[in-house]
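Q: Turn these sequences into a full structure, and let the hints steer you where they fit.
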Amino acid sequence: MTISCSCRIVAEKILLEHRIQLVEDSKGGYHLRKVSKDSRTVLSSNPVHSDPSVLAEARELFPDLLPFSGLPVDAT
Numbered sequence: 004m005t006i007s008c009s010c011r012i013v014a015e016k017i018l019l020e021h022r023i024q025l026v027e028d029s030k031g032g033y034h035l036r037k038v039s040k041d042s043r044t045v046l047s048s049n050p051v052h053s054d055p056s057v058l059a060e061a062r063e064l065f066p067d068l069l070p071f072s073g074l075p076v077d078a079t
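Letter by letter, the sequence shown follows residues 4 to 79 in the working numbering.
Please note that the accuracy of each hint is not assured.
Restraint ranges, calculated between C-beta atoms of paired labels, are given here [to be verified]:
(1) Asp54 - Arg22: 25 to 31 Å
(2) Ile12 - Ser53: 18 to 24 Å
(3) Ala14 - Ser39: 15 to 21 Å
(4) Leu19 - His52: 17 to 23 Å
(5) His52 - Ser9: 16 to 22 Å
(6) Asn49 - Lys16: 16 to 22 Å
(7) Thr44 - Asp67: 23 to 29 Å
(8) Arg43 - Pro66: 16 to 22 Å
(9) Pro66 - Asp41: 26 to 32 Å
(10) Asn49 - Ser9: 14 to 20 Å
(11) Lys37 - Pro66: 14 to 20 Å
(12) Gly31 - Ser56: 19 to 25 Å
Taking lysine-lysine and the BS3-like style, the derived pairs with C-alpha atoms no more than 30 Å apart in a straight line are [what the hints assert, rightly or not]:
(13) Lys40 - Lys16
(14) Lys16 - Lys37
(15) Lys30 - Lys16
(16) Lys30 - Lys40
Read the hints as simulated data drawn from the structure, not as lab findings.
Built from N, CA and C at the ideal position, the CB exists for glycine as well.
A: As structure tokens, then:
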């Protein structure tokens, strides 16, 4: 199964059961995407900037990238 997505992976954390990716969609919105170990299941969150619980999770996972409003900061 191939999953096509016009998005850019900004950051990724690998956990025991899945990978969590911070992705930027084609409209510039940021989402969390959970990918199962076997890559068969992909779940996308609501936009980070519009859902307080998603923003809190994203800040916990990627504190250096999301210090303020939910818009990622270029780490370079």
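Q: Does the Cβ-Cβ separation between Lys37 and Pro66 fall within 14 to 20 Å?
A: holds (19 Å)
Q: 17 to 23 Å was suggested as the range; check whether the CB atoms of Leu19 and His52 agree with it.
A: violated (28 Å)
Q: Between Asn49 and Lys16, does the beta-carbon spacing fit 16 to 22 Å?
A: About 19 Å separates the Cβ atoms of Asn49 and Lys16, which means 16 to 22 Å holds.
Q: Look at the Cβ atoms of Arg43 and Pro66 and judge whether their distance stays inside 16 to 22 Å.
A: violated (30 Å)
Q: Straight-line Cα separation of Lys16 and Lys37 no greater than 30 Å?
A: holds (10 Å)
Q: Lying within 14 to 20 Å: is that true of the beta-carbon distance Asn49 to Ser9?
A: holds (18 Å)
Q: Going straight from one Cα to the other, do Lys30 and Lys40 come out at no more than 30 Å?
A: holds (28 Å)
Q: Can the suggested window of 26 to 32 Å be confirmed for the beta-carbon pair Pro66 and Asp41?
A: With a Cβ separation near 29 Å, Pro66 and Asp41 satisfy 26 to 32 Å, so the hint holds.
Q: Ile12 and Ser53, beta-carbon distance inside 18 to 24 Å?
A: Between Ile12 and Ser53, where Cβ atoms are some 20 Å apart, the hint holds.
Q: For the hint 25 to 31 Å, verify it against the beta carbon of Asp54 and that of Arg22.
A: violated (20 Å)
Q: Quickly compare the C-alpha distance for Lys40 and Lys16 to 30 Å and report which way the hint goes.
A: holds (12 Å)
Q: That 23 to 29 Å hint for Thr44 and Asp67 (C-beta), does it hold up?
A: holds (28 Å)
Checked against the numbered hints given earlier, the structure breaks hints 1, 4 and 8 and satisfies all the rest.
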